[in-house]
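Visitor: So the chains spell out like this:
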Amino acid sequence: MNALDTPNLEQIERQAYQTIWEDGLIDIFVGLALVLIGSLWLTQDSIYGAFVAPVLVPFWTVARKRITEPRRGIVNLSEERMVKENKKLAGLMLFGVATLIIGIVWYVIGRPGGTPPAAWASHIVAGLPAVLLAIPALIVALAYGLKRFLIYATALLVAAIAVVLLDLHPGWGFIPGGIVCLLLGGALLHRFIRKYPLTD
Amino acid sequence: MTTKVSAAPLALGALDRLIHDPTRLMLVSFLYVVESADFVFLKSQTKLTGGNISSHMSKLEDAGYVNIKKRFVGKRPQTMFRLTKRGRNAFEKYRKSLHDALSSLP
Chain A
1 MNALDTPNLE QIERQAYQTI WEDGLIDIFV GLALVLIGSL WLTQDSIYGA FVAPVLVPFW
61 TVARKRITEP RRGIVNLSEE RMVKENKKLA GLMLFGVATL IIGIVWYVIG RPGGTPPAAW
121 ASHIVAGLPA VLLAIPALIV ALAYGLKRFL IYATALLVAA IAVVLLDLHP GWGFIPGGIV
181 CLLLGGALLH RFIRKYPLTD
Chain B
1001 MTTKVSAAPL ALGALDRLIH DPTRLMLVSF LYVVESADFV FLKSQTKLTG GNISSHMSKL
1061 EDAGYVNIKK RFVGKRPQTM FRLTKRGRNA FEKYRKSLHD ALSSLP
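Residue numbers (the working numbering), protein chains in the order written: chain A, 1 to 200; chain B, 1001 to 1106.
In isolation and in its complexed conformation, chain A is listed as follows (with noise of 0.2 Å):
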């Protein structure tokens, strides 16, 4: 918008609310975080995956210290935006718990000595993780306008696809989606630096 322009209320606050996504850090610490699930569950076990979000989520904050609001700026949203917000959010807590539990789930039938699953299923359910996973990324790729986690989604479900059928380990399920995350994050990093240069 430059000074001419007729002001389209509507418009200015969608402008506004996306500079908050336009920074790629979400897609970085999102792509980072599965790359090393789906490491760790390669290589250790699939419950040191469950520490990976709380650990890297105090690194994305002070990310966003640094990075984005000395560029950008800072911007405080309006109270009915912050509600549809926030219940955007609790839907999507509320699918990462559900999430966990059949993950924890999973954990415990998987583990030797518990029930084990029927052969096709196992053998279907390597591919679930992923599939979790693509949910909620196509939930904000609907719910926040984020046309790029449409991408990731997709990254998943192909990911997941391929663990079903070439008979992969599941952590296979998370690391291409997580790189297509950091590929992507690292570009709208970049593009944001050189949008928004520092200034004094």
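Careful: at least some of the hints might be erroneous.
To be verified - Between beta-carbon pairs, the in silico distance windows are:
(1) B:K1047 with A:I20: 15 to 23 Å
(2) B:E1061 with A:L150: 39 to 47 Å
(3) A:A53 with B:H1020: 45 to 53 Å
(4) B:I1068 with A:R191: 25 to 33 Å
As the list claims (entries may be wrong) - PhoX-like cross-link-like pairs, simulated, lysine-lysine; straight-line CA separation at most 25 Å:
(5) B:K1075 with A:K195
(6) B:K1047 with A:K195
(7) B:K1043 with B:K1075
(8) A:K65 with B:K1075
(9) B:K1043 with A:K195
(10) B:K1043 with B:K1070
As the list claims (entries may be wrong) - A few chain B residues that don't get close to chain A, going by computed Cβ distances all over 10 Å:
(11) L1012
(12) D1016
(13) A1063
(14) N1067
(15) R1086
(16) K1093
Think of the hints as simulated: they come from the structure by calculation, not from any bench. Backbone N, C-alpha and C fix where the C-beta goes; we use that ideal spot for every residue, glycine too.
Fit chain B to the given chain A structure using the hints.
Guide: Okay, now just chain B, sitting in the frame of chain A:
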């Protein structure tokens, strides 16, 4: 003989000139749709110069339309702007007046 006179010119003349300035209109529009924003954000989004923002914000602050809070975050100064209740009302009134005036034009 009576002449039908449009009310539009009169209504346009009654517009709040403090808000009607294009630069201030842009700044007030940004602040209207958010809770608050800092100097860097307004500068990055409007592409205005720092001096320009400061001078217009001072005028808006003098009129009681904008609340300005300055503080330091580490070594960096941070100036937050927020539209006051009076500023919000004035902007809403301005929009209505402008809309009415333009609608009544032949």
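Visitor: Does A:K195 sit within 25 Å of B:K1075, going by the straight-line distance between their CA atoms?
Guide: Roughly 24 Å between the alpha carbons, so the hint for B:K1075 and A:K195 holds.
Visitor: Is 15 to 23 Å a correct range for the gap between the Cβ atoms of B:K1047 and A:I20?
Guide: Holds, at about 19 Å.
Visitor: Verify that the Cβ of B:R1086 lies farther than 10 Å from every Cβ atom of chain A, and report whether the claim holds or is violated.
Guide: 18 Å, holds
Visitor: Holds or violated: are the alpha carbons of B:K1043 and B:K1070 at most 25 Å from each other?
Guide: 16 Å, holds
Visitor: Does the claim that B:D1016 lies off the interface hold, with its Cβ farther than 10 Å from every Cβ of chain A?
Guide: 14 Å, holds
Visitor: Over 10 Å to the closest beta carbon of chain A is the bar; see if B:N1067 clears it.
Guide: 13 Å, holds
Visitor: Assuming the hint says 25 to 33 Å, is it satisfied by the Cβ distance from B:I1068 to A:R191 or not?
Guide: 31 Å, holds
Visitor: Taking C-beta pairs only, is B:A1063 more than 10 Å away from all of chain A?
Guide: 19 Å, holds
Visitor: B:K1093: least C-beta distance to chain A exceeds 10 Å?
Guide: 15 Å, holds
Visitor: Starting from the hint 45 to 53 Å, judge whether the C-beta atoms of A:A53 and B:H1020 obey it.
Guide: Holds: the Cβ-Cβ distance is about 50 Å, inside 45 to 53 Å.
Visitor: Does B:L1012 really sit off the interface, with its C-beta more than 10 Å from all C-beta atoms of chain A?
Guide: Non-interface label on B:L1012 holds, nearest chain A Cβ at 15 Å vs cutoff 10 Å.
Visitor: Holds or violated: B:K1043 and A:K195, Cα atoms, limit 25 Å.
Guide: 13 Å, holds
Consistency with the previously given hints is maintained throughout, with no hint failing.
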